[in-house]
Amino acid sequence: MSAPRVSCLLVAALAVLCFGLAAELDTWFQAWAGNRAQSADMLNVLLGDGRRMFANHFYVKADAYFHSGFYPTVFDNREAFQTAHMAEDSGTVGGRNQGEETGFLGKPRDWIDAFSRQFFPSEHTHLDQGGAQGQANGAGDLGEGSEVREILPWLRLSADLDPNRVETYTVTAYWLRERMGKVAEAEKFLRDGLRENPGSYEILYELGRVYSENKNDPARARNLWEAALRQWQRQEAAQAEPDKYLFNQIAAHLAMLEQKEGNYRQALVYLEMWKTRSPSPESVQKFIEEVRQKLDRGTPDIPRPADKKPTEAP
Amino acid sequence: MNTLAENVSMIKPSPLLARKAIVKIENLCVEYRRRELCGATKPVVNNLNLSVQEGEVYGFLGPNGAGKTTTMNVLLGFTNATSGEAWLFGENVREPIARQRIGYLPELTYYYKFLSAEELLRFYACIFRIPKAERERRIDDVLKLVELEHARKRQIKTYSKGMQQRVGLAQALVNNPELLILDEPTSGLDPVGRMKVREVIQRLKNEGKTVFFSSHELGEVETVCDRVAILHQGELKLDGRLSELAESNRCSLEQLFLRVVGYEHHPDTPPLPCV
Amino acid sequence: MNNLFAVAGVVIKELYRRKDFYVLFVLTILICVVMGSVRIFNDAKIARYLKEICLLLVWISSLVIAITTTARQIPAERENRTLFPLLAKPLSRTELLVGKFLGCWFACGLALLCFYLFFALLAGSREQHWSFINYFQAAVLHWVMLGVVVALTLLGSLVFTAPSSNTTICFLAVAGILILGRHLNKVALHLPEPRRSILYAVYYCIPHLELFDVRDLIIHNWPPIPWRVCILATVYALAYATAFLIAASLVFRRKAIN
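Protein sequences appear in the order of chains P, Y and L. Using this note's numbering, read the first sequence as starting at 4 and increasing by one per residue. Using this note's numbering, read the second sequence as starting at 13 and increasing by one per residue. Using this note's numbering, read the third sequence as starting at 124 and increasing by one per residue.
Honestly, the hints are just simulated from the structure, not real lab data. Certain hints may be false.
[What the hints assert, rightly or not] Subject to a maximum C-alpha distance of 20 angstroms in a straight line, what follows is the list of computed SDA-like cross-link-like pairs (lysine to any residue):
no., chain 1, residue 1, chain 2, residue 2
1, P, K64, L, I176
2, P, K64, L, L303
3, P, K110, L, H306
4, Y, K249, Y, L270
5, L, K309, P, E104
6, Y, K125, L, L206
In isolation and in its complexed conformation, chain P is listed as follows (with noise of 0.2 angstroms):
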């Protein structure tokens, strides 16, 4: 048999191999839990669980951002920067920081780290106000609020990656809506946000505030913060250690709410719930004596003004 021959029987045997096994392989491909090609998403193709990774990263350079590049690298303290400071002013999450944020540099160790302080950002400040050119002219609060769009892309980057770190949707959403006046998209993406993690409390509540600082609409607002309050009660409640920030949130925004509505009956069931979980049941008692005082005389309450931020417990 002539070598031409016998290379096109062995290129044809192999072939047919090859066939057999890729048809034998792919039904237990198709059935393998780890199988990536199934997903539509072309980053969880590509990088599969590692994407939380990067998504982590994009979250921290959004906050990066936040403070115009000045901001702590893996090797300086970051006592002050365990929370995002996007994430500490928006309100959705509690603040763990300890320690003076413009600290983290310390003294300059030599005459090389004091000279390479005028090549980067060396001056605590937050885009909402003003950023770096409102640390330059000495703007105070809220200067260029709007400024903080440029923390955007890398949120929405950050969610895209890891679409569920509920944390990046609030905090996107706020912004958005506080200080962008972007509204609408802020709704969308919160809602994007629940598609991606149904029942999360933290989107509930942050959609609820869309709805009763944005929109108007008490009603709605009062829907979401109750389905909010029960996920949490289903969620966080049995845990060793519940989010009490978010509790106090919803329970203190709750109060509020019924509280301008006239319903002080139901304030006050909302205050008893917030003072159980409160640092500080003090402040809170102060309020309820108000709101008994009111349903005691039988008289309207005057609105209290809407807070730029959620009111912490005192």
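Start from chain P and add chains Y and L according to the hints.
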């Protein structure tokens, strides 16, 4: 019959005695370090002494590995001598100024492929500090001489091998050198190319320029050279005027070469004269 | 000086006749245009992420051009045997080296000019204002840093045999300095002796290229750096470049080239 004094007075001084030495090598030794012998050195050129007079065409011969290229490398500053000295125009070869008046044509001619012939010559002319007006004139003359005018603006990467050889010759002549050092100038050339190189050498000789070249083409050497030196195993075996060597040894250059390198000893050839 | 500029001119010609720069430039433009066309929450004024992406691409491209162009200068001359007819001219090895340095450095400068012009256009189209002084400072500091990189790569091309190994080592060294250079002293504090002293020695010896990376200042619209600081940084970079060139010259003089 003339007296001895009258005979002496009738002897015209040799032209060579009146000319200065353009190339001078004294006690040159070059050794390379051998890796496989744990740092032991291998002598490549051993105690070489020679000089090339102004206006000569000097053939530098020897079998492969004799040390010809190494000697040229020392003259051109590519290699440092282990001991001994060499001078070009009275300047030590270690100084760049020694190369101001020379032209060099390497055996393998490769030039910047992204440049055109004109740009390459202009670049080399700048290094020679030729004034701008004269630079352009020299470039035109040299391109005409090597018949590359039609391709002067094309990049060298589009040239044939013969054209690249001619570019090499052009860059060796762009500064109108007084000494031309050629390393196997006709290697790889067709007969027409070889003839052109011979014509250039002859022309330079007629202009009183000095040519120092190595070659394996003994026929060519016999045609153009005034003096030859034969190197073997790093040592100078023979050095003299071609006519005198032929007359004293009564054999062709090729036979002389073979005898010097120890290739054959024919009983009819007379013994070598002492050097 | 004539010789230096003649050699430098050939290097610059080589850069714009090769395709490397054009490929990188077009790639940068394409990526920036694609990223810029993305609408994020229907806001057309978001600019900083685009500036960051553009500057990152500019930095990567400039380092690629600087290191790859420089790494192949001397080895390619030797391999292509163009070194011999060149050194047969009245040109010393030191002049050749300095000429190559100037050529690579100016070539990088020209490339940077194109990149930063594009960056200024891109940033201005989004932010509706131009910070000319900031951009100028950033470009000059970047260019000066590339001078150090070019000198380092030239030295590497004489020390390492293969251009590929020189390129890899230089890339790693430069990337390492840019990312970690500022923090070595902090890491050293937590180490026991003798590692602490070694790391401190490294910290003081390396050229701190991260000083010239002022991207954060440009992206976040910080005020310009004081001019005296810029001048000091330039002098610092030129000192390192000179030191590397002197070392390269000493190595080159002793090297057999045939």
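Comparing the hints with the structure gives:
For the suggested pair P/K64 and L/I176, the alpha carbons sit about 13 angstroms apart, so the restraint of at most 20 angstroms is met. At most 20 angstroms may separate the alpha-carbon atoms for a hinted pair to count; P/K64 and L/L303 meet this at roughly 18 angstroms. Proximity of P/K110 to L/H306 is assessed by CA-CA distance (about 14 angstroms); at most 20 angstroms being required, the pair is judged to hold. Among the hinted pairs, Y/K249 with Y/L270 is consistent with the structure: their alpha-carbon atoms are about 12 angstroms apart, no more than 20 angstroms.
The suggested pairing of L/K309 with P/E104 holds, with an alpha-carbon distance near 19 angstroms, which does not exceed 20 angstroms. At most 20 angstroms may separate the alpha-carbon atoms for a hinted pair to count; Y/K125 and L/L206 meet this at roughly 13 angstroms.
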